[in-house]
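J.: Sequence:
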Amino acid sequence: MSGKKVTVAEAVALVDALCEKLKPADPNAGRTVTGMYLSPDGKVVKAIRIGPKPRREFADTVPHWQTDHAAGQDRGRAAADELARLREEAKALQQILDDPAVGAVERTRAEVRLAQVRREIDAFEPSLNPKPQAGKAPTAGA
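In the numbering used here, the protein residues as written are 43 to 184.
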């Protein structure tokens, strides 16, 4: 047997390298369980992220003087359009209720939706047509 002579340090390094190769690989390496949830059918669902954590993203900053509420901008236009749309929907639902040929199921659905639409209209109208405060403003100790 003529072979290359190996030092003790080299032999230890070779044995350590062989031991590293023989270690079982971790099947979950690079995977992180980010949450466990219960599905509607009663099963446990795991949310698993593979790879690094994603970077956090933020919206671009906008100075307060460039927002929708800046002076000189029409803030009520979108609300007025929404109010007009709700009134049209209420008229259409009322026509369904006034039609005697409509079935009971569709009539019930129209009644429920009409009640929702009327609540939304009642919430919109005061914001578009604010009323002045009745009486004088309160004063403390004056």
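If you are wondering where the hints come from, they were derived from the structure by calculation, not from laboratory data. Certain hints may be false.
[What the hints assert, rightly or not] Label pairs and their in silico Cβ distance ranges: (1) V50 - I90: 23 to 31 Å; (2) G45 - R91: 44 to 52 Å; (3) A51 - E99: 49 to 57 Å; (4) T150 - G177: 53 to 61 Å; (5) E99 - R73: 16 to 24 Å.
All C-beta atoms, glycine included, are put in the ideal place defined by N, C-alpha and C.
J.: When the structure is checked against the list of hints, which entries are broken? Sort them ascending.
T.: 1 and 4
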